[in-house]
Amino acid sequence: MTDRKLTIDQANRIADGLVTVSTNPVDPTLWQVEGDGLLEAHEPMSETLWRRMLQSYGETTSPTKFQGSLKTLLEEVSNMDIDDLDHFDMPEDLAQIERVSTFDEAGVLTDSAGLVITTDDGSEFQLTIVQSR
21 MTDRKLTIDQ ANRIADGLVT VSTNPVDPTL WQVEGDGLLE AHEPMSETLW
71 RRMLQSYGET TSPTKFQGSL KTLLEEVSNM DIDDLDHFDM PEDLAQIERV
121 STFDEAGVLT DSAGLVITTD DGSEFQLTIV QSR
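So for the sequence shown, the numbering used here puts the first residue at 21; every next one is plus one.
Treat each hint with caution, since some may be false.
[Stated by the list, open to error] Listed below are the simulated EDC-like cross-link pairs for lysine to aspartate or glutamate, each with C-alpha atoms no more than 16 Å apart in a straight line:
1) K25 - E67
2) K85 - D56
3) K85 - E54
The hints are simulated quantities; they were obtained by calculation from the structure and are not laboratory data. For clarity, every value in this text was computed on a predicted model and none was experimentally measured.
Throw the hints in and build the complete structure from the sequences for me.
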């Protein structure tokens, strides 16, 4: 590995789809790094630093990833019967979940990650997912 700065093409090849690197529209000397719930500007960097940064991206949970995990969990819980909910000491209200959709799937006009939870009586709840740190 070398200490020379990578080109954007080299950075994208190494990232292999985890994130996408492009020229920052505000400052063309910077990289714009975009991924699942991620938008950052960075100075171009060496391969060693870039690989270290990619490793940290792979270890973090983004709001979008958390949204998907929470959606899957709520869908699984909504398919449980009352006895299963009692067995796992979960509130019986969770059995009333009819549908779980992401904001995008439900057509909610926002850039935030989140879920729309619809219950069997037609009530609808929106859960916004914001990463605080």
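**OP:** Assess, step by step, whether the Cα of K25 is no farther than 16 Å from the Cα of E67, and give holds or violated.
**Re:** 7 Å, holds
ask   = Given the hint that K85 pairs with E54, does the C-alpha gap stay at or below 16 Å?
value = Given that 16 Å is the threshold and the Cα spacing comes to 14 Å, the pair holds.
Straight-line alpha-carbon gap K85 to D56, limit 16 Å: Judged against 16 Å, a Cα distance of about 7 Å means the pair holds.
In terms of the numbered hints stated before, the structure departs from none.
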